[in-house]
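> The primary structure of each chain is shown beneath.
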Amino acid sequence: QQPVQSPQAVILREGEDAVINCSSSKALYSVHWYRQKHGEAPVFLMILLKGGEQKGHEKISASFNEKKQQSSLYLTASQLSYSGTYFCGTPDQGAQKLVFGQGTRLTINP
Amino acid sequence: SAVISQKPSRDICQRGTSLTIQCQVDSQVTMMFWYRQQPGQSLTLIATANQGSEATYESGFVIDKFPISRPNLTFSTLTVSNMSPEDSSIYLCSVENRTNYGYTFGSGTRLTVV
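These protein sequences, in sequence, are chains A and H. Heads up, the first sequence is in our numbering, so the first residue is 64 and it goes up one at a time. Heads up, the second sequence is in our numbering, so the first residue is 230 and it goes up one at a time.
Don't read these hints as lab results, they were simulated from the structure. From a predicted model like this one, the values you see are computed outputs, not experimental measurements. Check the hints yourself; a few may be wrong.
Claimed, not checked - Just a sample of chain H residues kept apart from chain A, beta carbon distances all over 12 Å, derived: (1) Thr249; (2) Gly269; (3) Leu272; (4) Thr277; (5) Glu287; (6) Glu325; (7) Val342.
Unchecked claim - Far from chain A, some chain H residues (derived; all Cβ distances over 12 Å): (8) Gln235; (9) Phe295; (10) Gly331.
Claimed, not checked - Restricting the straight-line Cα-Cα distance to at most 25 Å, the calculated cross-link-like pairs of lysine to any residue (SDA-like) are: (11) A:Lys130 / A:Gln156; (12) A:Lys160 / H:Phe290; (13) A:Lys160 / H:Phe304; (14) A:Lys131 / H:Tyr330; (15) A:Lys160 / H:Gln243; (16) A:Lys89 / A:Pro70; (17) A:Lys100 / H:Ala231; (18) A:Lys122 / A:His101; (19) A:Lys89 / H:Phe290; (20) A:Lys89 / H:Gln270; (21) A:Lys160 / H:Gly245; (22) A:Lys160 / H:Cys242; (23) A:Lys113 / H:Arg339; (24) A:Lys122 / A:Asn84; (25) H:Lys294 / A:Lys89; (26) A:Lys160 / H:Gln257; (27) A:Lys160 / H:Arg244; (28) A:Lys160 / H:Arg327; (29) A:Lys160 / H:Gln270; (30) A:Lys160 / H:Ser230; (31) H:Lys236 / A:Gln156; (32) H:Lys236 / A:Val106; (33) A:Lys160 / H:Ile241; (34) A:Lys100 / H:Ser230; (35) A:Lys160 / A:Ser126.
From the three backbone atoms N, C-alpha and C, an ideal C-beta is built for every residue, glycine too.
Could you build all of it, start to finish, from the sequences and the hints given here?
Now the structure itself:
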């Protein structure tokens, strides 16, 4: 079952912060985050493997609340290079295959 | 991380014909995944390809339409058969990285059916 992302789109000015949420109706054991720029393949950002885990990647970090079955991606002091569509992905029924959320389009303006 | 070479990068095909997409990985992997991404949409898994066995297809995708080959641990092909304009999409292969558990994607094949 496809995880649900919110918001669907965000428009920011450079330097502003953003939060992208990913939630599931079923138990989550891990959450992946990817960024896809226009015309390119998705690129892996990070994986969160257990509840309560937080990870950072430059000014991009994420949290995972296993009880609430949700994860959030935090982008602080956004840069123009952060523009793109962000996808969360969750393993389907414990298998290796990933099911992706519908995506959140992030636009950063100067 | 694994490096995937996918080709062709794009093609324009006539309806009723078939196109075979190739993915070559620079390391041996057990599973390869084939996704479809329609314009402005998310990624939808078509099938999982294991070496030495039949591919496992997701609901809504059938082998006659999307035959997959997996002759060894570094290579796979996806064929889009008897194409119609509705098959116009981006097709991507993907593998799991053993080092960080993330997934690496091929550069994608942008298919237009006319």
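> Between Lys160 of chain A and Gln243 of chain H, is the straight-line Cα distance small enough, at 25 Å or below?
32 Å, violated
> Please verify whether Lys160 of chain A and Ser126 of chain A have alpha carbons no more than 25 Å apart.
Cα-Cα ~21 Å, so holds.
> With d taken as the least Cβ-Cβ distance between Glu287 of chain H and chain A, does d exceed 12 Å?
8 Å, violated
> Does Arg339 of chain H sit within 25 Å of Lys113 of chain A, going by the straight-line distance between their CA atoms?
This hinted pair is violated, its Cα atoms lying about 36 Å apart.
> Need the status of pair Lys100 of chain A, Ser230 of chain H: alpha-carbon distance at most 25 Å?
19 Å, holds
> Since Gln235 of chain H was said not to touch the interface, does its Cβ keep a gap of more than 12 Å from each Cβ of chain A?
Since the minimum Cβ distance to chain A is about 8 Å, Gln235 of chain H lies within 12 Å and the statement is violated.
> Take a quick look at whether Lys89 of chain A and Gln270 of chain H sit within 25 Å of each other, Cα to Cα.
Distance of about 22 Å is within 25 Å: holds.
> Given the hint that Lys89 of chain A pairs with Pro70 of chain A, does the C-alpha gap stay at or below 25 Å?
The hint holds at about 20 Å.
> Hey, Lys160 of chain A versus Gln270 of chain H, does the alpha-carbon distance stay inside 25 Å?
18 Å, holds
> Just to be careful, I want the Cα atoms of Lys122 of chain A and Asn84 of chain A compared with a cutoff of 25 Å; is the pair within it?
Between Lys122 of chain A and Asn84 of chain A the Cα gap is close to 17 Å, so the pair holds against 25 Å.
> Mind verifying the non-interface call on Leu272 of chain H? Its CB should be farther than 12 Å from each CB in chain A.
Leu272 of chain H not clear of chain A: closest Cβ-Cβ about 5 Å, inside 12 Å.
> Would you assess whether Gly331 of chain H, listed as outside the interface, keeps its beta-carbon beyond 12 Å of every beta-carbon in chain A?
Non-interface label on Gly331 of chain H violated, nearest chain A Cβ at 3 Å vs cutoff 12 Å.
The earlier numbered hints that this structure contradicts are 2, 3, 4, 5, 6, 8, 10, 15, 21, 22, 23, 25, 27, 31, 33.
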